[in-house]
Amino acid sequence: DQQVKQNSPSLSVQEGRISILNCDYTNSMFDYFLWYKKYPAEGPTFLISISSIKDKNEDGRFTVFLNKSAKHLSLHIVPSQPGDSAVYFCAAGVGGYALNFGKGTSLLVTP
Amino acid sequence: KAGVTQTPRYLIKTRGQQVTLSCSPISGHRSVSWYQQTPGQGLQFLFEYFSETQRNKGNFPGRFSGRQFSNSRSEMNVSTLELGDSALYLCASGYRDYPGELFFGEGSRLTVL
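As they're listed, the protein sequences go chains U and L. Start counting the first sequence at 4; every next residue gets the next number (the working numbering). Start counting the second sequence at 261; every next residue gets the next number (the working numbering).
In case anyone wonders, no lab produced these hints; they're calculated from the structure.
With a Cα cut of at most 25 Å, we get these calculated SDA-like pairs of lysine to any residue:
(1) U:Lys-71 / U:Met-32
(2) U:Lys-41 / L:Phe-320
(3) U:Lys-41 / L:Glu-335
(4) U:Lys-59 / L:Arg-356
(5) U:Lys-41 / L:Gly-288
(6) U:Lys-8 / U:Thr-48
Input sequences plus hints: build the corresponding full structure.
Encoded structure:
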């Protein structure tokens, strides 16, 4: 059973606008959440993380929001750039280990 | 600093055969995890090793096994291959003190005919 779900397989956004990628999880034991980015023919690369004691974490243009009551997290990219076009995976785990990944959202940023 | 290296990058096997995939982690990383990526299921956790000990295991049949050597290099083995085992197998290493921040290799693409 999929404990981490990314319900939007794809998203298209114009350059300069905000990209919002969503993720839902079912396991209330998860206490560490991450986003990874993957380009074709490469392995995923770590983007940003958040622990359950926080509800927001920022790193430059990337912000992750966590809503524990809704078991929902989102990744905001502002402003979006063409180089952000990639597949984004949401991941969650207990203590950050044995991560459960979503199926990914393919983001396309158009000029 | 060299990244995570996986070999072979591509391989083709037939049903019933077995396969061994190799992973060399980033120098200094003692945690190695394996994931299976398929179009339908996304990334699924196989197992994690730390200092030669399996610390976590995903929900895969016993045909999937792994090990870690004293130099942190890891291998995974799949026996009695099935068509459904066709996938990209990703290895990731990390400092276990930094949970979740894994560094992935480019993967080994296995095709089972």
